[in-house]
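Participant: If you read the sequences in order, they're chains G and L.
All residue numbers for the first sequence refer to the numbering used here, where the first residue is 1 and numbers rise by one.
All residue numbers for the second sequence refer to the numbering used here, where the first residue is 1 and numbers rise by one.
Misleading hints may appear alongside valid ones.
Pairs count within a copy or across copies, as identical chains cannot be separated in the list.
[Claimed, not checked] Calculated lysine-lysine pairs in the DSS-like style (CA-CA distance at most 25 Å, straight line):
| # | residue 1 | residue 2 |
| --- | --- | --- |
| 1 | 285 | 204 |
| 2 | 204 | 217 |
| 3 | 564 | 500 |
| 4 | 8 | 516 |
Since the hints were made in silico from the structure, they are not lab data.
Please read all numbers here as calculations on a predicted model, not as lab measurements.
Number of protein chains: 2
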Amino acid sequence: MNRTEEIKYWHTSSHILAHAVKRLFPEVKLGTGPAIEKGFYYDFYREKPFTPEDLKIIEQEMGRIIKSDFPIERIRKSKKESREILKDEIFKLEILEELQDGEITFYKQGDFIDLCEGPHLESTGQVKHYKLLSTASSYWRGDENRESMQRIYGISFPEKNELDAYLNFIEEAKERDHRVLGTKLDLFSIHPEFGSGLIYWHPKGAIIRKIIEDFWKEIHLQNGYELVYTPHIADIALWDKSGHTGFYKENMFAPIEMENKRFQLKPMNCPFHILIYNNRMRSYKELPIRWAELGTVYRYEKQGVLHGLLRVRGFTQDDAHIFCTEQQAEEEVIKILDLTCFFLRRFGFTDYKVCLSTRPAKYVGTPENWEKATNALKNALKTKGIEYETDPGEGVFYGPKIDIKVKDCLNREWQCSTIQVDFNIPERFDVKYTGPEGNFKVPILIHRAIFGSMERFIGILIEHYKGNFPFWLAPEQLRILPITDRHMSYAEQVKKLLEKEFRVQIDLRNEKISRKVRDAEAEKVPYMLILGNRELEKQEVSLRKHKEGMVGSFKVSDLVTMLKDTGQS
Amino acid sequence: MNRTEEIKYWHTSSHILAHAVKRLFPEVKLGTGPAIEKGFYYDFYREKPFTPEDLKIIEQEMGRIIKSDFPIERIRKSKKESREILKDEIFKLEILEELQDGEITFYKQGDFIDLCEGPHLESTGQVKHYKLLSTASSYWRGDENRESMQRIYGISFPEKNELDAYLNFIEEAKERDHRVLGTKLDLFSIHPEFGSGLIYWHPKGAIIRKIIEDFWKEIHLQNGYELVYTPHIADIALWDKSGHTGFYKENMFAPIEMENKRFQLKPMNCPFHILIYNNRMRSYKELPIRWAELGTVYRYEKQGVLHGLLRVRGFTQDDAHIFCTEQQAEEEVIKILDLTCFFLRRFGFTDYKVCLSTRPAKYVGTPENWEKATNALKNALKTKGIEYETDPGEGVFYGPKIDIKVKDCLNREWQCSTIQVDFNIPERFDVKYTGPEGNFKVPILIHRAIFGSMERFIGILIEHYKGNFPFWLAPEQLRILPITDRHMSYAEQVKKLLEKEFRVQIDLRNEKISRKVRDAEAEKVPYMLILGNRELEKQEVSLRKHKEGMVGSFKVSDLVTMLKDTGQS
């Protein structure tokens with residue numbers, strides 16, 4: 001189905017759902033029931049939530065309505081007639097009052113009629129395969145001061161295999177939920193009572209983050225970047241100068257008032273890098289300057305949109321700013337694209353969706369500069385042979401940009417990398433360099449992030465890997481499982497040989513080996529080294545691989561060589 | 001001189017200074033003139049600042065007063081008599097009004113008389129060797145709404161060699177000033193117009209910080225610590241619970257008000273680590289737990305006390321919290337002392353002043369627990385054979401502590417490391433673990449920092465090293481100096497061979513080799529590699545060491561081996 005067909009299909013499904021609910025629970029009042037990105041829902045006003053048993057009965061009733069194959073009819077009514085039809089539906093009446101007379105339409109199927117703009121399928125029988133998925137509570141019109149509604153989510157498809165595939169996908173996605181795995185694997189926690197959207201990294205999550213950050217810094221240094229560190233707050237004067245207090249206020253935390261000063265928690269790192277640049281005069285000979293920072297920024301998001309590591313209020317951008325001449329811009333963008341692909345591939349992301357956003361209606365800078373910058377981005381994409389879509393007019397007001405979404409192993413798209421040209425900041429901060437003739441010139445300023453944020457990227461990785469981190473990222477790479485206490489001192493010896501190169505632990509518990517293996521499997525440790533009498537005698541270890549089982553017996557020195565190769569891959 | 005003698009000596013010197021100023025500039029009004037930690041000052045009210053020429057004349061006049069050897073006389077006066085004596089000294093009159101009748105004393109020498117409590121030397125001739133050092137402006141009584149005063153600083157000693165040594169020390173300290181070197185070597189900047197006390201690390205400073213941080217993390221992981229990361233803000237509820245809003249409020253930034261919530265920028269990391277600990281039940285088998293974080297905290301300091309990297313408003317603590325059983329506490333403190341000495345020695349600090357602070361009058365926890373904890377600290381110091389002083393009653397209210405000051409190469413003491421037991425936090429957060437019998441027990445909580453803060457420690461290092469960072473810390477370890485353009489491609493080859501192991505740059509400028517050497521020396525690059533015809537022909541490089549000159553000619557491969565050894569030392 002294309003999007004138009006999907007909307008019809010799912011919107012009709014939601015009416016069938018409401019029709020079934022009204023037949024079974026006539027006292028329920030109807031809210032609204034749209035098609036959504038994937039599937040549909042309907043909101044009902046009812047004291048009690050619907051139970052899983054209720055959903056089963058509703059599903060059966062939906063089956064009857066589909067089987068009846070009621071024609072779906074569009075009916076135009078006057079406001080007065082509408083009021084009569086909806087007299088028992090207080091929520092529908094509220095919507096009705098906001099509509100203009102003459103534009104009011106209903107959709108009718110059998111004895112069910114609903115205030116609705118459409119579009120819909122032609123009859124209920126056209127919906128073939130469906131499933132109610134879950135319930136949730138929601139506020140009427142999303143307003144927490146209004147009535148609490150009971151929402152039922154569902155999905156439907158013309159073909160059975162489509163429904164099965166989607167249900168599998170949901171099941172798979174549920175098992176990969178980074179919030180569930182994050183707790184189960186002891187990676188991080190959130191403490192809403194002390195501030196929502198703020199991440200506490202536990203040791204196992206922190207070591208993953210450290211490995212990625214070290215790798216990020218190492219590769220950046222190798223690629224001609226320099227590191228900087230900047231504060232998390234600045235006087236509001238800086239944000240007035242950068243313009244953020246004007247155009248970015250709604251995303252910012254409120255200022256901190258101290259004596260006669262106001263300090264602002266940073267939502268971005270850019271103005272700080274500019275202050276370092278402007279700290280002394282720069283010459284064309286120094287360009288390109290590439291400054292990278294793992295800069296933690298704070299943006300105020302509404303409670304309701306926060307979601308684990310993926311949508312938070314404090315996050316660490318893998319940020320960089322590049323100052324270059326106009327002539328260098330295209331080459332710099334090519335280098336950024338190379339670096340981006342290098343990093344994303346390291347995590348198994350090989351499929352991207354790339355989007356170029358061009359000049360919007362409201363913009364700063366000259367049309368000529370926009371065109372030059374947009375061409376630099378385009379030419380770089382062309383040179384690298386990267387396919388992309390263009391979003392005309394969707395650039396930020398300060399410059400054109402390239403956005404890169406990665407596709408994970410469930411084929412879900414995640415926005416990560418971004419490359420943006422900025423005409424606003426250089427102008428506001430009078431950023432310049434001296435050219436070969438001693439004259440002042442304005443450099444091109446490029447912002448870029450590859451992971452986007454450490455929090456979000458690791459959230460994506462948890463789901464992508466299903467918590468089975470590859471060897472180089474696994475918090476605990478090896479676990480030594482001595483079969484009995486008699487093998488403990490050999491276990492200590494083996495650990496000593498391995499711990500310089502790897503993150504290795506011994507399971508010291510007085511448990512059966514089967515239990516030790518089961519727990520190591522559950523904790524997703526990539527390799528288990530089992531030590532018993534035979535291993536002790538032959539001075540070897542038996543290697544077991546997570547999810548794959550026994551690999552064989554090895555001398556420890558051979559194991560080191562073997563695992564070091566694994567670490568590279 | 002002991003401290004009592006110093007105070008007499010310097011206080012008398014300040015009167016001689018004031019006496020001289022009144023002789024030369026009779027219109028000047030007197031403020032106050034105390035002995036300070038090192039030397040003395042006197043504040044005068046005068047429109048114009050004193051010039052360096054004024055200071056010379058004043059010094060000469062002081063010489064005459066000393067030569068006259070006026071006896072110094074203590075005189076008691078009534079308030080009424082005092083008012084008459086001080087009728088032209090408006091600032092002295094202000095002080096006079098705050099004094100009780102009957103306790104008012106003056107000190108008189110020749111025709112100079114000053115409202116003063118003393119003590120003083122017996123005659124002006126007892127001051128032997130003196131020097132006026134500098135001028136500064138200050139506010140009357142430190143109040144920025146009051147009159148602006150002209151302050152003159154001076155120093156004096158009984159022996160000439162003492163004065164010479166002190167003047168040398170000042171000269172040396174001035175040359176080591178981390179604020180001056182920080183700018184000269186392009187390490188960091190501060191931008192007071194956008195917030196005082198906030199540090200911007202430039203690439204060369206940032207790489208030093210990164211090297212130290214990487215080293216710190218590496219060694220901590222090797223020593224049984226785990227890393228965590230925590231947010232920079234939390235709901236004020238957390239700080240109410242920890243007690244910081246009560247006992248630490250004056251050091252904290254004001255809260256950020258958002259909707260119906262208040263967020264607080266963190267002044268400490270402790271409560272965050274506690275939330276991670278309390279995230280699940282802990283068993284005695286897991287203890288000791290050692291969690292380390294380079295946690296950036298923000299504390300509000302008055303503008304006037306801020307000082308470069310040494311006293312700031314935002315700084316990164318090299319923080320750690322250890323949760324252990326009572327039995328483990330002493331062993332843990334020993335391990336911390338070992339780790340501390342290991343780290344400090346790595347930076348050339350081998351001389352420490354160690355202080356143990358015991359239970360103050362106001363405290364939390366039981367006297368028995370204080371005694372146990374204090375004994376654990378004492379025994380650990382004893383076991384390590386570390387000499388220490390005891391500061392009775394100087395512990396923080398929440399527990400006893402060990403403070404370690406390092407002595408730098410000018411013999412100046414710098415407070416860096418601290419080891420503190422905390423009885424407050426475990427009680428407030430109900431921190432516990434299950435013991436071997438399944439019963440709940442309260443762990444011992446130890447806070448500790450080794451460097452104190454990254455900002456302060458690097459500030460100390462800059463002064464300690466005078467900017468001549470040792471090879472392993474130098475931002476640029478090697479600079480290749482091609483003698484002419486003809487040696488450029490050889491320079492590139494050499495760079496390729498070296499850059500995997502070292503931070504190396506080529507001086508690409510079209511300058512004479514003497515200029516290139518001079519600039520590399522000024523920028524304190526540890527090694528210069530000079531490449532000319534002879535080097536190209538023999539495929540060698542000529543090695544020059546910073547401040548020491550030519551070392552000899554080497555094959556690049558031999559150089560790598562040699563410099564790698566240097567990197568370890």
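Participant: What label fits residue 285 with residue 204 when the C-alpha limit is 25 Å: within, between, both, or neither?
Facilitator: between (44 Å within a copy, 18 Å between copies)
Participant: As a check of your reading, is residue 564 near residue 500 (CA-CA no more than 25 Å) within one copy, between copies, both or neither?
Facilitator: both (12 Å within a copy, 20 Å between copies)
Participant: How would you label the pair residue 8, residue 516 (within, between, both, or neither) given a Cα cut-off of 25 Å?
Facilitator: neither (53 Å within a copy, 75 Å between copies)
Participant: Are the CA atoms of residue 204 and residue 217 at most 25 Å apart within a copy, between copies, both, or neither?
Facilitator: Answer is both: 20 Å inside a copy and 15 Å across each meet the 25 Å cutoff.
The structure is inconsistent with hint 4 alone, although it conforms to all the rest.
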